[in-house]
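Asks: The first sequence maps to residues 0 to 884 in numbering that gives the first Met the number 0.
Be aware that a few hints might be false.
[Claimed, not checked] Here are the computed lysine-lysine pairs in the DSBU-like style, where the Cα-Cα straight-line distance is at most 30 Å: (1) LYS752 with LYS127; (2) LYS518 with LYS380; (3) LYS711 with LYS25; (4) LYS137 with LYS25; (5) LYS42 with LYS371; (6) LYS31 with LYS481; (7) LYS14 with LYS42; (8) LYS316 with LYS330; (9) LYS641 with LYS14; (10) LYS752 with LYS791; (11) LYS518 with LYS481; (12) LYS660 with LYS671.
[Stated by the list, open to error] So the derived label-pair ranges between C-beta atoms look like this: (13) ARG287 with TYR478: 38 to 46 Å; (14) LYS31 with LYS352: 47 to 55 Å; (15) ASP495 with GLU361: 29 to 37 Å; (16) LYS291 with ASP368: 38 to 46 Å; (17) SER457 with THR254: 43 to 51 Å.
Calculated directly from the structure, the hints in this document are not laboratory data.
Here a beta-carbon is modelled for each residue, glycine too, at the ideal position from N, C-alpha and C.
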Amino acid sequence: MSGNGNNVSDSGELKKEYEAGEVEEKWVRKWKDDMYYFDWNSKKPHFIIDTPPPYPTGSFHIGNTLNWCYIDFIARYRRMKGYEVMFPQGWDCHGLPTEVKVETLYGIKKNDVPREEFRKLCVEFTEKNIEKMKKTMKRLAFSIDWSKEFITMYPEYYTKTQISFVRMYRKGLIYRGYHPVTFCPRCETTIALAEIEYRQGKTKLNYIRFGDGENSIVIATTRPELIPACVAIAVHPEDERFRDKVGMRVKVPTTDYEVEVIEDEEVDPDYGTGAVMICTFGDKQDVRWWKKHGLDLRIIIGRDGRLNEKAGKYAGKTTEEARKAILEDLKKEGRLLRQEEVEQNVGVCWRCKTPIEIIAEEQWFVKIDREKALEAARKIKWVPEHMLSRLESWVEGMEWDWVISRQRIFATPIPVWYCRKCGEIVVAKEEWLPVDPTKDRPKEPCPKCGSTEFEGESDVLDTWMDSSITPLAITGWPYEWKDFDYPTSLRPQGHDIIRTWAFYTIVRSLALVNRIPWKEIVINGMVLGEDGKKMSKSLGNIIQPDEVVEKYGADAMRQWAATGVIGSDVVFTWKEVVAASRFQQKFWSIIRFTARHLRGWKVRDSEPELRLADRWILSKLAGLVDAVNRAMDCYRFDEALKAIRNFAWYEYADNYLEIVKNRLYSGSDEEKESARFVLYTVANALIRMLAPITPFLAEECWHVLLSCVNAKCRSVHLERFPEFEDYSRFVDRKAEECGDLMRDLIAEIRRLKHDRGLALNAPLRMIRIYSPVEIDPRDIGGALNSKVEVLKEKPEVEERIKEVKPDFSVLGPKFRDRVKDIVKIVNSLEEEEKEKLVTEGLKLEVGGETVELKPEWFRAVREKVVSGKVVDVVEVGEAVAFVEF
RNA sequence: GGGCCCGUAGUCUAGUGGUUAUGACGUCGCCCUCACACGGCGAAGGUCCCCGGUUCGAAUCCGGGCGGGCCCA
Numbered sequence: 000m001s002g003n004g005n006n007v008s009d010s011g012e013l014k015k016e017y018e019a020g021e022v023e024e025k026w027v028r029k030w031k032d033d034m035y036y037f038d039w040n041s042k043k044p045h046f047i048i049d050t051p052p053p054y055p056t057g058s059f060h061i062g063n064t065l066n067w068c069y070i071d072f073i074a075r076y077r078r079m080k081g082y083e084v085m086f087p088q089g090w091d092c093h094g095l096p097t098e099v100k101v102e103t104l105y106g107i108k109k110n111d112v113p114r115e116e117f118r119k120l121c122v123e124f125t126e127k128n129i130e131k132m133k134k135t136m137k138r139l140a141f142s143i144d145w146s147k148e149f150i151t152m153y154p155e156y157y158t159k160t161q162i163s164f165v166r167m168y169r170k171g172l173i174y175r176g177y178h179p180v181t182f183c184p185r186c187e188t189t190i191a192l193a194e195i196e197y198r199q200g201k202t203k204l205n206y207i208r209f210g211d212g213e214n215s216i217v218i219a220t221t222r223p224e225l226i227p228a229c230v231a232i233a234v235h236p237e238d239e240r241f242r243d244k245v246g247m248r249v250k251v252p253t254t255d256y257e258v259e260v261i262e263d264e265e266v267d268p269d270y271g272t273g274a275v276m277i278c279t280f281g282d283k284q285d286v287r288w289w290k291k292h293g294l295d296l297r298i299i300i301g302r303d304g305r306l307n308e309k310a311g312k313y314a315g316k317t318t319e320e321a322r323k324a325i326l327e328d329l330k331k332e333g334r335l336l337r338q339e340e341v342e343q344n345v346g347v348c349w350r351c352k353t354p355i356e357i358i359a360e361e362q363w364f365v366k367i368d369r370e371k372a373l374e375a376a377r378k379i380k381w382v383p384e385h386m387l388s389r390l391e392s393w394v395e396g397m398e399w400d401w402v403i404s405r406q407r408i409f410a411t412p413i414p415v416w417y418c419r420k421c422g423e424i425v426v427a428k429e430e431w432l433p434v435d436p437t438k439d440r441p442k443e444p445c446p447k448c449g450s451t452e453f454e455g456e457s458d459v460l461d462t463w464m465d466s467s468i469t470p471l472a473i474t475g476w477p478y479e480w481k482d483f484d485y486p487t488s489l490r491p492q493g494h495d496i497i498r499t500w501a502f503y504t505i506v507r508s509l510a511l512v513n514r515i516p517w518k519e520i521v522i523n524g525m526v527l528g529e530d531g532k533k534m535s536k537s538l539g540n541i542i543q544p545d546e547v548v549e550k551y552g553a554d555a556m557r558q559w560a561a562t563g564v565i566g567s568d569v570v571f572t573w574k575e576v577v578a579a580s581r582f583q584q585k586f587w588s589i590i591r592f593t594a595r596h597l598r599g600w601k602v603r604d605s606e607p608e609l610r611l612a613d614r615w616i617l618s619k620l621a622g623l624v625d626a627v628n629r630a631m632d633c634y635r636f637d638e639a640l641k642a643i644r645n646f647a648w649y650e651y652a653d654n655y656l657e658i659v660k661n662r663l664y665s666g667s668d669e670e671k672e673s674a675r676f677v678l679y680t681v682a683n684a685l686i687r688m689l690a691p692i693t694p695f696l697a698e699e700c701w702h703v704l705l706s707c708v709n710a711k712c713r714s715v716h717l718e719r720f721p722e723f724e725d726y727s728r729f730v731d732r733k734a735e736e737c738g739d740l741m742r743d744l745i746a747e748i749r750r751l752k753h754d755r756g757l758a759l760n761a762p763l764r765m766i767r768i769y770s771p772v773e774i775d776p777r778d779i780g781g782a783l784n785s786k787v788e789v790l791k792e793k794p795e796v797e798e799r800i801k802e803v804k805p806d807f808s809v810l811g812p813k814f815r816d817r818v819k820d821i822v823k824i825v826n827s828l829e830e831e832e833k834e835k836l837v838t839e840g841l842k843l844e845v846g847g848e849t850v851e852l853k854p855e856w857f858r859a860v861r862e863k864v865v866s867g868k869v870v871d872v873v874e875v876g877e878a879v880a881f882v883e884f
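Model the full structure from these sequences, guided by the hints.
Replies: See below:
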């Protein structure tokens, strides 16, 4: 087996230490990408994964790692289960962060260079980032089909985005409308709600009198500069203080117009005076009220963050300056009654921390049919189930349609022109796509007036418009759509983007093809730092996957990912990674031991005559295979891995191998043969079950195992996952019971040695054992390095009942509230009566009634009494062992 | 402020109505036994957040409280 590059030392021996770094890098080089290529024509059942396209920031972070580990476990498992798996990979390239990075990188502002030039810089920057991230992903052994890679900033992809826009527009599902949007006055762009950060700050709450005399009302506001934008005053309908003011019109200070006092339940009577001014727009609440009550629109803040001509004499001032001036004027007029400090949450631009403003402009929208979306969402299987309710609560609370236009550059262009003459909206025909309306022109004159003068739309699409068609894009839509594989099998994603990516994808899939996008959606949690908090630069608790891989390898990192419960947030801990790498060492040691004893052995189809211990461990192996399959089927990788680790480490290595060692070193040929058969069978199954989670370790061990028995060997990742049917013939309840007893006897006698200060391999003079069930004196003797005799008769040991333990699961339902009394009486019985109870049953008087107690409802705890003998007695269940030192 | 999740040994964690509550790390003993000292064997360590309810029986179900986390406003 030397010379094939496995984890071998210079002398050709398998290395004692498992060198994860070396082994993994070797396989990264050796593995071929085409192992994971997906074939549409394959007869196997198809399993298509709608992989998230990450944002190419340049570093594949630990949250991505968790997500992709889950995806890869699923992909590898399904492949080994006989599915044709598609694990594509995309990149969600467009967006503000890249524009900002490029600006700082080249020391320019986006408008300093032509649009096309700026785009090019963004594309180049993104391509570099993608390369960096791909390297990490390959090092982590993700079994991605790179031939299916898609990149949203390339025309091949964004043409699809534009087609989707055109088709939805033609169906009336996309429209242009007037709507408030949030924007940053410093960056001079609209920003998504998701891009707003909230900061706790202190500000002044100003009490200001509107109107005069009888016709006046005092409101409280933190934003006096918006007074010229006031369109109404609102009070709570049950607020007695304002009962006679409702419907009244008051003059707005600093202006020459009046507004009405209206009622609304959403006004907080305890805040300020209980009267609030509604402006267009101070915050989202204003927008809500404005819509609900059909109020006027008075936009006084422009895109430059300054007040406009509608603000009268304050025009041209920044909000800060306007605030000062207005307060000054109000003070002079005696309208500023008082000011108080208040805590306030201010929405700020996530990038420059400038407080955001709300302005109203013409925007493009996608119509949201909430009922239809909800109905579709409920047809999808959600894992874990409760994640559906997150989507439901979001959709039910949605107030506006989806704003899809952005005033940026690096994004998919909106394929639309406006006729300079008649204002007609001209939407591109599908065959014209891809287009950039800022430089391309429509191929036909205006259908309404015949003009050829057009203004191209300079707004671009929200990046979610790109990413919300991924399941369609990977199934070939719209050219050669493989609708037989739609809906796709699975969407894996994080819970932070349920309201965006998951929701938008459902909406778009319904709009474009009237089907749900996936049969199942699996939601992963977030990764928290070792302190249990979300990883963030300011907390300094960020861990990079590269760092973990560097220190402990990808398999250890992947095992860490597998220990989390799907859907729950996972804390990153180094000790979990260390524990994982220790398991790898343990497993490697098992394989080394296995290889040593299998060298030259010939794989056989039928099993040899098996001894008790062999039947015992094989039966347990069958149970493990069953449990692992079931855990993997429902994405409980933690349970699968835990079951494998426990079996391999404790049942197999610590117990079975210890028992069988003596037979392997000094047994007869038959004794060796059955043990070898087990060594091979168990290692073979364990390696294949580990393959989805620790692909490197599994591949290395697979090659070692097969080469030492001279078997043909291809990648373990092309092999079948162990199925329960293949192992069901080993299921042997009796052998499990007997084997457990044997294991416990050995453990007890070891404990005895330990208590006497003897080494565990110290020979004992003689062990005599009586057991009601089969045991194997050969193996027990081998494990304890002692001679073992089996006694046919149960020897006389004086015993007495120490305690009677009731089986509450039987007594409870039967006797209900009398259980307590029964147990009390039973425990106070004399010894002979207790004995009678547990052998033939007993009638008792309980609360004046006679109850008949059956022996199987109780378990006797016995105490042995050995009268001054030098022999030690060890008991396990009904079995007894006498040990002579 | 809203939605969702969680509270179990020093730390992290399994466990959705029934014997003595799981495991890991850490701690403390003993053992370098021919696969592994990154190992083996053993020990100590718990008011299962608090209060109330349902039940013969609650870590588990229900209500309330307190505390933490994530997402959103």
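Asks: Each of the hints needs a verdict: does it hold here or not?
Replies: Evaluated hints:
1. Only pairs whose Cα atoms come within 30 Å are accepted, and LYS752 paired with LYS127 is rejected, the gap being roughly 64 Å.
2. Proximity of LYS518 to LYS380 is assessed by CA-CA distance (about 6 Å); at most 30 Å being required, the pair is judged to hold.
3. The suggested pairing of LYS711 with LYS25 holds, with an alpha-carbon distance near 20 Å, which does not exceed 30 Å.
4. At most 30 Å may separate the alpha-carbon atoms for a hinted pair to count; LYS137 and LYS25 meet this at roughly 12 Å.
5. Restraint check for LYS42 and LYS371: not satisfied, since their Cα atoms lie roughly 34 Å apart, outside the 30 Å limit.
6. Taken as a hint, the LYS31 and LYS481 pair is honoured in the structure, with Cα atoms around 27 Å apart against an allowance of 30 Å.
7. Restraint check for LYS14 and LYS42: not satisfied, since their Cα atoms lie roughly 42 Å apart, outside the 30 Å limit.
8. This hinted pair checks out: LYS316 and LYS330 have alpha carbons roughly 19 Å apart, not beyond 30 Å.
9. The hinted pair formed by LYS641 and LYS14 meets the criterion: a straight-line CA distance of about 26 Å does not exceed 30 Å.
10. For a cut-off of 30 Å, the pair hint linking LYS752 to LYS791 stands: about 25 Å separates their Cα positions.
11. This hinted pair checks out: LYS518 and LYS481 have alpha carbons roughly 16 Å apart, not beyond 30 Å.
12. Taken as a hint, the LYS660 and LYS671 pair is honoured in the structure, with Cα atoms around 10 Å apart against an allowance of 30 Å.
13. For the pair ARG287 and TYR478, the supplied restraint of 38 to 46 Å holds, since their beta-carbon distance comes to about 43 Å.
14. The hinted range of 47 to 55 Å is satisfied by LYS31 and LYS352, whose Cβ atoms lie roughly 49 Å apart.
15. Range check, ASP495 to GLU361: about 31 Å between beta-carbon atoms, so the 29 to 37 Å window is met.
16. Roughly 21 Å separates the CB atoms of LYS291 and ASP368, a value that falls outside the hinted 38 to 46 Å.
17. The beta-carbon spacing between SER457 and THR254, approximately 34 Å, falls outside the hinted interval of 43 to 51 Å.
The structure is inconsistent with the numbered hints 1, 5, 7, 16 and 17, although it conforms to all the rest.
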